[in-house]
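S.K.: All chains, please: the whole structure from these sequences, using the hints.
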Amino acid sequence: MADSSSSHPKGKLVENASISAPSIDPEHDPATAILRKKAAPNKLIVDDATNDDNSVLALSTATMEKLQFFRGDMVLVKGKKRRDTVLIVLADDSVEDSKVRINKVVRQNLRVRLGDVVSLHTCTDIKYGKRIHVLPVDDTVEGVTGNLFEVYLKPYFLEAYRPVRKGDLFLVRGGMRAVEFKVIETDPADYCIVAQDTVIHCEGEPIKREDEESNLADVGYDDIGGCRKQMAQIRELVELPLRHPQLFKSIGIKPPRGILMFGPPGTGKTLMARAVANETGAFFFLINLMDGLKARSNIVVMAATNRPNSIDPALRRFGRFDRELDIGIPDPTGRLEILRIHTKNMKLDDDVDLEQIASETHGYVGSDVASLCSEAAMQQIREKMELFDLDDETIDAEVLNSLAVTMENFRYALGISNPSALRETVVE
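For the sequence shown, the residue numbers in the numbering used here are 1030 to 1457.
No lab work stands behind these hints, which were simulated from the structure alone.
It should be emphasised that the depicted structure is a prediction, and the values quoted were computed from it without experimental measurement.
Hints are not guaranteed to be accurate.
Label pairs and their calculated CB-CB ranges [to be verified]:
#1 L1269 - E1188: 43 to 53 Å
#2 G1233 - S1388: 48 to 58 Å
#3 K1376 - E1171: 27 to 37 Å
#4 D1247 - V1330: 20 to 30 Å
In silico lysine-lysine, DSSO-like type, Cα no more than 27 Å apart, as pairs [unchecked claim]:
#5 K1195 - K1183
#6 K1109 - K1095
#7 K1156 - K1095
Where a beta carbon is used, it is the ideal one built from N, C-alpha and C, also for glycine.
M.R.: Structure follows, in structure tokens:
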């Protein structure tokens, strides 16, 4: 006779049996699928150019053959924050097959850095321009005398058949110095080729440098760390309906109408909204009526609050703010991402351990981490104050080169900082 304890009756549930959820590899988590970069032959890694030409990019011969480009072809290059430009293809077998070489000016136009990824596309519809309007950047023409057209623009464009893109900057070397220009207008399209019959206008007040720098400082997705899953959700809820409304129509559902982000102050709610605007080209308006929005009207309402329970419950029902995202306090991995973003342009000493700092900053939100980095840098400057005179107009290059934020500077900043998420629990 069989022992009933060693076998289970067919068709009955086993008591105390548990079904474990399948483990999900973070690299293949469907929740963040929208953030993953899709591999494609035309997506290449940005490398530094070996020449200063603003109008060209360099590819290996193998990459040119794979993409069916020929030397001298016009190529549309897409960067970040909806930026693109048109460049002339050159062959250079010193370039790795996975990379594309573009100079610093072009990288700024595309809002990319070395190591970022750009995509290349054929550009067969570019035409000769009828006229273009360009203006110099103010700080590059201070003290420059003479005719800018004759000295700079005419030699630069003469028989070169250079492509230009409205809104782009380009650097021209001539005379005793280099002058930077911005393309203000192009006719007949946003990009064209400057040919012999193209009329070049350069009349007008120079462009202010601070205006250009403010454009470069526009926040994008890469400037936000510590909330990867929330950013994936926002991109699903905003970008998918705006870019591909047919997805929702095909599957038979309506896209969400509104998104309410909530979380403690400083966690990045407003920063996310700005990033969405810059990356998608969406316009933001102050509104007081949501029920009048038509289905699939390419409008998504985003809101942010640190007190969600104070909002009228009627606003939180389905059809209004029907999705709520908790933009919470980042975990150690998230804090490490934020630290890397805020220190990427800082000069750090070799002893700085960002992982250690991330593990010691429990309760810190994004703005706290930014403040921490700033305070650490200021402490490093304070330590070097005795090496220079505040009243001097210049500082010795050796002093500047010696500046590097140390782990001890971060320790000091940690000692005087007060994380936002823990302020309510501090005992006086």
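S.K.: Hint by hint, note whether the structure agrees.
M.R.: Hint check:
{"no.": "1", "hint": "L1269 - E1188: 43 to 53 Å", "in the structure": "holds (47 Å)"}
{"no.": "2", "hint": "G1233 - S1388: 48 to 58 Å", "in the structure": "holds (54 Å)"}
{"no.": "3", "hint": "K1376 - E1171: 27 to 37 Å", "in the structure": "holds (29 Å)"}
{"no.": "4", "hint": "D1247 - V1330: 20 to 30 Å", "in the structure": "holds (22 Å)"}
{"no.": "5", "hint": "K1195 - K1183", "in the structure": "holds (19 Å)"}
{"no.": "6", "hint": "K1109 - K1095", "in the structure": "holds (24 Å)"}
{"no.": "7", "hint": "K1156 - K1095", "in the structure": "holds (25 Å)"}
The structure fails none of the hints (numbered hints given earlier).
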